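Use the sequences and the hints to build the structure in full.
The primary structure of each chain is shown beneath.
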Amino acid sequence: MERSEIQKLWEAFEIIAIGCVLFGILLVLYLIRGLLTPFIIAFVITFFLSPVVDYMEREGINRTLAVILLILLTLIILFLLWKLTWPIIQMEATSLQKNAPFYVSKIRGSLEQGMELLERKAGFMPEGTMQNAMQLKIGDFASAFGNVDFLFKTVRYLLVTFILTQLIVFFFLKDGTKIRKGLIAYVPNKYFETFLTLFHEIDKQISNYIRGQLIDAFFVGVFAIVGLYLFGINYAIFIGAIAGIANIVPYVGPLLALAFGGLLVLIDTGSIFTMLEALGILAFVKLLDSIAISPLAVAKRVNVHPLMVIIVISVGGLLHGIWGMLLSVPLYCSMRVSLRILYRGFVEYGHW
Amino acid sequence: MNVLDSSQQDAQFSTKSKALDNRRTTISKGNRFKFLLRKIRGKEGKIIPVLRTVPIFEGLTYRDLKKIELIVHERTFMPDEVVFYERQPGTGMYVVKKGLIRLTKTTDGERVKIAELGEGEFFGEMSLLEEYPRSAQATAVVKTEALGIFRPDLLDLIKRHPKLGSKILMKLSTRLAGRLRKTTEMKVKEVE
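Protein sequences, first through last, are from chains P and Z. Going letter by letter, the first sequence gives residues 5 to 356 in my numbering. Going letter by letter, the second sequence gives residues 6 to 197 in my numbering.
Think of the hints as simulated: they come from the structure by calculation, not from any bench. Mixed in with the good hints there might be a few duds.
[Unchecked claim] What the simulated footprint calls covered on chain Z by chain P, stretch by stretch (three residues with Cβ under 8 Å from a Cβ of chain P suffice, anywhere in the stretch; the number is not a length): (1) 71-78; (2) 89-99; (3) 156-170.
Since the model is a prediction, treat every value here as computed from it, not as a measurement. C-beta: ideal position from N, C-alpha, C; glycine also.
Quick look at the structure:
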C-alpha cells in the first residue's frame, strides 16, 4: 500500500521534471532565438532535400557523396539563376528604389485625404490624430524603401545566410538519423516507444507540409513572374516572388499578395485596367495552383479544415507575426497528431 | 675455422635478413590489408556482434549490419523495471545484449511466467510488422542492456535501402510462417 503511494508520488514528480526540462529547452531556444535563423532555414531545406538524398541512396550512391553532390548541384543552379535574373532584379530594384518615395507620397496623399474625410465625418477625434499616426507609419516605410538600399541588403543577407546554412544542411542530411537518435536517447524507458512514435509522426507531418508548400510556392512564383512579364507589367519578378512566398501561408497569403500586387501596379501605372490585368493574372495562377499544382505537390497534405487553418494562422500572426503565420499550421498539425496518439494510447490501452 | 671472414658473414647475414624481410613483407601485406579494411570500416563496436546472433539478421553483410546499427537504440533497464506492459501498443523488438528479461502473462488474474530470455535472445519482433497490443509483459530481472529496433525506424530503413529491407522482411515472414505451421499442426492434432 505504502509502496504504491510512493510510486504515485514518484510518477507525479517524474511528470513535473519532464515538464521542467521541456520548459527549460524552450526557454533556452527563446533566449538564443537570434542564432536560430540559419538552423530554421537549414531545417526547412533538409526537409525539402531529404527525399532526394534518400532516392540517391536507394540507387546505391553513398549517402555522404549523395549529399555533397546534391548541395553542389543546388549551388550551381542557384548561381545560374542568380546570373540569369540578376540584371532584371537589379533593374527592378533600382527603379523601385527611385520611385518608392514618389509612391509613398502618393499613397500618403490619398490616405490623408481619406483620413481628413473620416475625421470630419466622425467628429469626435481631435484634428490631425489619424494623420499623425499615418505619417508616422508611412515615414518608416519610406525610409525602409527609399533611403536604405533595403532590397539589396535583404538579398545579400539571404545569400550569406543560405551559404552558412549549407554547412548545417550537410550535417543534417548526412547524419540525420544519428542526430535524431542522440536527441531521444535520454527519454526515460517508460515513455520511449510513445516518444519515438510521436517523433516520427511529427517529423512526417512537418516535412510533408513544408515540402508541399515550398514546391507549391515555387511553381506559383514562377508562373506569376512569367505571366506578369509576358503581359509587360513592371516589377514582374518582385510581385511574382512575393506572390510565391506569400503562398506558403495558406488562404491568407495569396489574398495579401493579391492586394500588394494590385496596389503596386495601380500606383505605378495609375490605370485601373492594368491593375485588373495584374490581378487577373495572379488570380489565374492561384486558380491553376489550386486545380493542378497543389493537389499534386501537397498530395499528402495534412487534412485540416479551412476554417481551422484561418483561425490557426490568425493566432500565429497575432502572437509572432510572419514567423507565427508560417509556422502555425505545421505546429498545429504536430500538436494534433501528438494528442491523437496519446489519447488513443490512453483510451484504448490504458497506457501511453 | 669457426671464424668466417667478414664478407662471408655479411653475405650470410644478408640472406637471412632478406628471407626474414620477405616473410615480414608478406605478413605485413596481409596485415596491412586487414588493417586498412578495419580502418575503412571503423571499429565494429559492441552492437554489431550482438546483431549477428539474431536470426532475423542472419547472413547479412557487415555493411548491412552497419546500416541496421544506425537505427538501433541502446536502452538500459534496472532490476524490476518494466520494458513493456501487457496490452500496451507495441512498436518494436528488443534484443538482450546483457542481463535477463522475464516474460509474464496474466491469466485469470494471476501472473504466469512464460519465459526468461538471456544474452542474444530477442522478443517483440512481431510488433515490427504491425502495431498490436503486446501479448505479454517484459520485465528486467537484473540490470539489463537491450537493443531496441522499432517499426518507424525500420520503415525508414526499408525506404532508404529496399534490398536490405526485403531481406529483413523475408526473415520476419519466414519466422511468422514457421509459427503458423506449428499452430496449425497443433490444431490438427487436437482435432485428431
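Quick one: which hint numbers does this structure break? Sort them smallest to largest.
none
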